Amino acid sequence: MNAFFFGRADRSLFGVYHPPQGRTDRRAGIVLCSPMGQEYMRSHRAFRQLANLLSRKGYHVLRFDWFGTGDSMGSSTDFSIKASSEDLDAAIMELRANADLECVSLIGLRLGASIAAMGGVARPDVHRIVLWDPVVSGPSYLESLIGDLQPEPEETVGALGFPLTGAMRSEFSGLDLCSLPAAPTALLSIFVSEESDEYKILKRGWQGAGIPFEYSWVPAAGNWNEVDNFGSALVPQELIGTIVASFSEDAHE
Amino acid sequence: MIREENANQSFPRLSERAIQYGLSSNLNGILTRPPSKTETNQPCLVILNAGILHKAGPNRLHVRLARAAAQRGFPTFRFDFAGVGDSPPRGDGRPLAEGVLVDIAETLDLLEARLGASRFILAGLCSGADNSLRAARTDSRVVGAALLDPTVHRTPRWYLNHYLPRLRSRERVSQFFSLENANLKTISKTLNRRFREGPEKERPELFRTGLSDKQDIAQHIEDTLRRGCRLFYGFTGGWKEYYNYPEQLLELYPNLSRPDRIHVRHYPETSHTFKTDGDRNRLIKDLTDWMELIQTTRKVNVS
Numbered sequence: 001m002n003a004f005f006f007g008r009a010d011r012s013l014f015g016v017y018h019p020p021q022g023r024t025d026r027r028a029g030i031v032l033c034s035p036m037g038q039e040y041m042r043s044h045r046a047f048r049q050l051a052n053l054l055s056r057k058g059y060h061v062l063r064f065d066w067f068g069t070g071d072s073m074g075s076s077t078d079f080s081i082k083a084s085s086e087d088l089d090a091a092i093m094e095l096r097a098n099a100d101l102e103c104v105s106l107i108g109l110r111l112g113a114s115i116a117a118m119g120g121v122a123r124p125d126v127h128r129i130v131l132w133d134p135v136v137s138g139p140s141y142l143e144s145l146i147g148d149l150q151p152e153p154e155e156t157v158g159a160l161g162f163p164l165t166g167a168m169r170s171e172f173s174g175l176d177l178c179s180l181p182a183a184p185t186a187l188l189s190i191f192v193s194e195e196s197d198e199y200k201i202l203k204r205g206w207q208g209a210g211i212p213f214e215y216s217w218v219p220a221a222g223n224w225n226e227v228d229n230f231g232s233a234l235v236p237q238e239l240i241g242t243i244v245a246s247f248s249e250d251a252h253e
Numbered sequence: 001m002i003r004e005e006n007a008n009q010s011f012p013r014l015s016e017r018a019i020q021y022g023l024s025s026n027l028n029g030i031l032t033r034p035p036s037k038t039e040t041n042q043p044c045l046v047i048l049n050a051g052i053l054h055k056a057g058p059n060r061l062h063v064r065l066a067r068a069a070a071q072r073g074f075p076t077f078r079f080d081f082a083g084v085g086d087s088p089p090r091g092d093g094r095p096l097a098e099g100v101l102v103d104i105a106e107t108l109d110l111l112e113a114r115l116g117a118s119r120f121i122l123a124g125l126c127s128g129a130d131n132s133l134r135a136a137r138t139d140s141r142v143v144g145a146a147l148l149d150p151t152v153h154r155t156p157r158w159y160l161n162h163y164l165p166r167l168r169s170r171e172r173v174s175q176f177f178s179l180e181n182a183n184l185k186t187i188s189k190t191l192n193r194r195f196r197e198g199p200e201k202e203r204p205e206l207f208r209t210g211l212s213d214k215q216d217i218a219q220h221i222e223d224t225l226r227r228g229c230r231l232f233y234g235f236t237g238g239w240k241e242y243y244n245y246p247e248q249l250l251e252l253y254p255n256l257s258r259p260d261r262i263h264v265r266h267y268p269e270t271s272h273t274f275k276t277d278g279d280r281n282r283l284i285k286d287l288t289d290w291m292e293l294i295q296t297t298r299k300v301n302v303s
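For the record, the sequence lines run as chains A and Y.
Sequential numbering from 1 applies to the first sequence in the working numbering.
Sequential numbering from 1 applies to the second sequence in the working numbering.
FYI, nobody ran anything at the bench for these hints, they're computed from the structure.
Since the model is a prediction, treat every value here as computed from it, not as a measurement.
Yeah, the Cβ is synthetic: ideal placement off N, Cα and C, and Gly gets one too.
It is possible that some hints are incorrect.
Per label pair, the in silico range of CB-to-CB distance [what the hints assert, rightly or not]:
id, chain 1, residue 1, chain 2, residue 2, range
1, Y, Leu293, A, Pro219, 52 to 58 Å
2, A, Ser144, Y, Gly237, 45 to 51 Å
3, Y, Ser15, A, Pro19, 25 to 31 Å
4, Y, Arg168, A, Trp217, 49 to 55 Å
Use the sequences and the hints to build the structure in full.
This is the structure in C-alpha cells:
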C-alpha cells in the first residue's frame, strides 16, 4: 500500500492506495469513505482489512480521510458534509487518474455512506455505492452524539471526544438519506449489522420513491460510537466478508 | 456533555508529508515541518502509537500535538508501528516488544538522514509511554521522553487517598464492613499477596506492551536519567486506579539519582484519552513548554 496526500493544496487529504494484489487486475476501483468522530477511530482497522481483502480480489482501492478528520489537513472543527462532496470528488478523480479507470465504486460506513450516496448517486463515473450501516436521519445521528443537549447555535460542544460546531449540527439536522438529491444512476447496496427502525424507514422510503437497491442484513455485535479508554476497534468479520464477496461476484467488475 | 474551549485552531502554514520507510518492515508515518521561517535546529518530536490506535491518536490528539509542536519550531513525526494503523504487519518474525524498538530505531535513522536531526523527543500515551521509556533508556539520540499514563504502581498513600474518602461516610463505613464488601476482599487479597510474595512481585492489572515490573521500570528510569535524558510524566484522572496524587511517582521511586530531570504533571479532571479540546490544549501547552525548556537547558549546558 502507498500512503500519500492529494487534493487541493489548501485542502490536502490523506489517502492510502492499495494496488491490486496477485495476478488479477480487474481494472476496477473502489473508494472507501470513512465515518467521522469516534466512529472513525473505531472503524480504522476494519477499513484497512476491507481494503486489503478487496485489493487481493484484484481491485484498486483508495481509502482516505475527509478534510478535518484523521490524518488529513484541517482542524476537527473544519469538517462539513457539504464540503466533503468536494473531497469525494477529489478522491474519485485521484483513484481514476492513478489507476487509469473510467469509473469506480464507493463503499461508505455510517456518515461516510451518507456522504457517498448524496455525492455519488448520480455521477456517471460511479458504478455502485455500498452503504454500510448508513446514517439515515441526521437528527437521530445528532441525538446519538449529544443526547438531548440544546447548545446555543454558535456553541461548540464535545461529542464523544470530538468537537461538534453549530455549523455541523445544522448540517446534520438537515440530513435525510430517504431523499436522495437526484435519480440514481449508480447501483445501491445497503449492508446493515442491525435491522433498526431507521433502516426499515429507509427501505420504505426508497421503495416508495421507486429507487432500486439491494439490502442485506448481516448481524454483527458492537456499536460504532462506543467509547472506551483503550480505543478498542470494531472489526465485524462476517459483514466485511459479505461486502467483499458481493464485489467479486459483481458481473460488471 | 462537555462544552469545548478554543476548538477552532488551525495551522495554515505547516506542511505535512507522508513517508514510507523501514528496513525490517514497511512503516508509514507523517512528517509535520515547522513554517520555514521559524525552523531551527530543534529536537525532532516523534509520537508513538497508543495501543492499537493509529497515528492520528485518540480523538486526534497526535495530529493536534504534531501541528502545535511544529508551530513552535519542532519538526514532528507520527507513525504507525508494524501491524498498527497504516503500517502492515512485520514479516521478520520478531516478537512484538522487540519489533517496536526496531521500528523506533529505524524511524530515528530515517529522520536523522532526511532532516539531519540528531536529537529526538519521544512521546506516547499508555503503551506508547512504556515504549518511549524503553527506547529512551538505550538510544543516545533521545534527549527527552514524554510519558502519558505509563505503567505505574500504587503506593501506601494511593491506598489512603483511594479508601479514606469512603470511610468518612457513616453509610459507607457500614457498607465497607458488610460481609459482601468487594473492597474488603480486594484489600484482603492484596495484603495476602504482599505477605506471600513481597511488594516487588506486585503487578499492574492491565496488560501493556513492554513494562510491568516495578524494579525494572525503576532501572529504566534511572538509566535514562543518568545518560542525561529528561522525562515528562503526565497522569490523567482516567488513570486514577493507578495514580491519584501528583507526588506519587517520586514517592514510588525515592532513590533516583537525578529527580530534577523529571517533570510531573497531574491532570485529575482529564480522561485517559484526552476527550475534550480543553484537555488536549492543556497537555499540548505543557508538553511544548517542557520541550522548549529542554532546548533552552541544552543551550545553556553547551555554552
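Hints, verified against the model:
Checked against the hint of 52 to 58 Å, the C-beta distance between Y/Leu293 and A/Pro219 comes to roughly 54 Å, which is consistent with it. Checked against the hint of 45 to 51 Å, the C-beta distance between A/Ser144 and Y/Gly237 comes to roughly 25 Å, which is inconsistent with it. Taking the beta carbon of each, Y/Ser15 and A/Pro19 are about 26 Å apart, inside 25 to 31 Å as hinted. Y/Arg168 and A/Trp217 have their C-beta atoms about 53 Å apart, which keeps the hinted 49 to 55 Å range intact.
When each numbered hint is compared with the structure, a violation occurs for hint 2 only.
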